[in-house]
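If you read the sequences in order, they're chains A and B. According to the numbering used here, the first sequence holds residues 2 to 207 in order. According to the numbering used here, the second sequence holds residues 2 to 207 in order.
Just so you know, the hints here were simulated from the structure itself, not pulled from any lab data. Careful: at least some of the hints might be erroneous.
What the hints assert, rightly or not - Derived Cβ-Cβ restraints for the label pairs, each shown as a range:
1. P203/A <-> E133/B: 40 to 50 Å
2. G9/A <-> E133/B: 38 to 48 Å
3. D62/B <-> G9/A: 35 to 45 Å
4. R198/A <-> K182/B: 45 to 55 Å
5. V32/A <-> A206/B: 24 to 34 Å
6. P203/A <-> K182/B: 50 to 60 Å
7. P203/A <-> P120/B: 49 to 59 Å
8. P203/A <-> E197/B: 44 to 54 Å
The beta carbon of each residue, even a glycine, is placed where N, CA and C say it ideally should be.
2 protein chains.
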Amino acid sequence: MKVYEFEGFPNPARIRIALAEKNLADQVEFVQIDVPEIEHQTAAFLEKNPSGAVPVLELDDGTTISECTAITEYLDHVAGEPTLTGRTPQERAVISMMQRRAEAGVLDAVSTYFHHATPGLGPDIEGYQCAEWGDHQRDRALAGMAYLDGVLAARPYLAGDAFSVADITAFIGLGFADFAKIEIPEEYGYLAAWRERVAARPSIAA
Amino acid sequence: MKVYEFEGFPNPARIRIALAEKNLADQVEFVQIDVPEIEHQTAAFLEKNPSGAVPVLELDDGTTISECTAITEYLDHVAGEPTLTGRTPQERAVISMMQRRAEAGVLDAVSTYFHHATPGLGPDIEGYQCAEWGDHQRDRALAGMAYLDGVLAARPYLAGDAFSVADITAFIGLGFADFAKIEIPEEYGYLAAWRERVAARPSIAA
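Modelling step: build the complete structure from the supplied sequences, incorporating the hints.
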């Protein structure tokens, strides 16, 4: 398997964590796509992912999978028991729901703020920006964090007793918020305690 | 099982189709949430889905599942073989990727256009609107349709030879585009032919 990524970017980091959780990192060849040099817009890369985004997983038969949720789903099912996306239909549904809430409510909101309300990756890469919408997404991200804090008041991880892909998404969302200089309110104590717990996992701390 | 919905709305329609495909419709009690009367913002409904959106699936043990992808995933795994979300890890990953592309590139883009660049559901329900962003999403939806047309030039359904949840999402996205008066370009002939094929399925035509 190959993973096309740009190391340090939020979405590739989600897959790095999933690979580490599944003990699959040494079975993957990482290929860097130099986004600041606009390599993600070359014809060769757009062939692999028409949306031009990293990461992309390329299987040995040449099939390319993009979208982090699809890549994580795949990795979770090719090695060992599915531990990141759930075993039973009900577990799977709760994890999928919480993953989507963390994604839409925090990670995507922070990303839109960064790419629209700040210079983002610079004028050559950003193209169209809508500052008003970007600013609004900052408030949406804060509301998303408030929601996650409430969830974590009642359970140790976002989808229940076990760490899952929902936690990966939210953790990366908070890291992106730091990078984009969105201050995470201190009163979200459950969120802060969860974040420390997640940061200490070998898949992240190592 | 109960499904909280508002009949005729795009996201509830996705679940109606999934239920029909899985022959599960008669095992579900449908409960109407009167969105025009703002029933989706009552404390009782926000308890079931904090984002206030329909549909919500309520299991017999009281667990509530929102987000259409999570609901469809659940329905696909509680009855029969999983036919909408894939059987093997690779099938699952391709379907999940294509579903997300149809969702982000068409259905969500059309929805944002409708709720931001048109009066949408009216001032009492819409609250904040960003017309500039909404207008931009119309172009994004058209680009999404162009992409899907290209995919369908090479295969009969969005994720390959078989109908899947990706097709449900895209089909509902096109219906929402009609409703929002986004004209689907006539030159997308593969998309038009696929749409007719999907519309003729018993789960939709009946």
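Q) Does 40 to 50 Å hold as the CB distance between P203/A and E133/B, or does it fail? A) holds, 45 Å
**Q.** Consistency of beta-carbon spacing, P120/B to P203/A, with hint 49 to 59 Å
**A.** Since the Cβ atoms of P203/A and P120/B sit about 52 Å apart, the hinted range of 49 to 59 Å holds.
Q: Given the hint of 24 to 34 Å, check if V32/A and A206/B actually sit that far apart at their C-beta atoms.
A: violated, 46 Å
**Q.** 50 to 60 Å as the expected CB spacing between K182/B and P203/A, which holds or is violated
**A.** For K182/B against P203/A, whose Cβ atoms are near 53 Å apart, the range 50 to 60 Å holds.
Q | Distance restraint evaluation - G9/A, E133/B, Cβ atoms, bounds 38 to 48 Å | A | violated, 31 Å
Q. Does 45 to 55 Å hold as the CB distance between R198/A and K182/B, or does it fail?
A. The hint (45 to 55 Å, Cβ to Cβ) holds, given that R198/A and K182/B are roughly 49 Å apart.
**Q.** Whether the CB-CB distance between P203/A and E197/B falls inside 44 to 54 Å
**A.** Because 52 Å falls inside the window, the suggested range holds.
Q: Just tell me: holds or violated, for the beta carbon distance of D62/B and G9/A against 35 to 45 Å?
A: Given about 42 Å between the Cβ atoms, the range holds.
Consistency note: the structure conflicts with the earlier hints numbered 2, 5.
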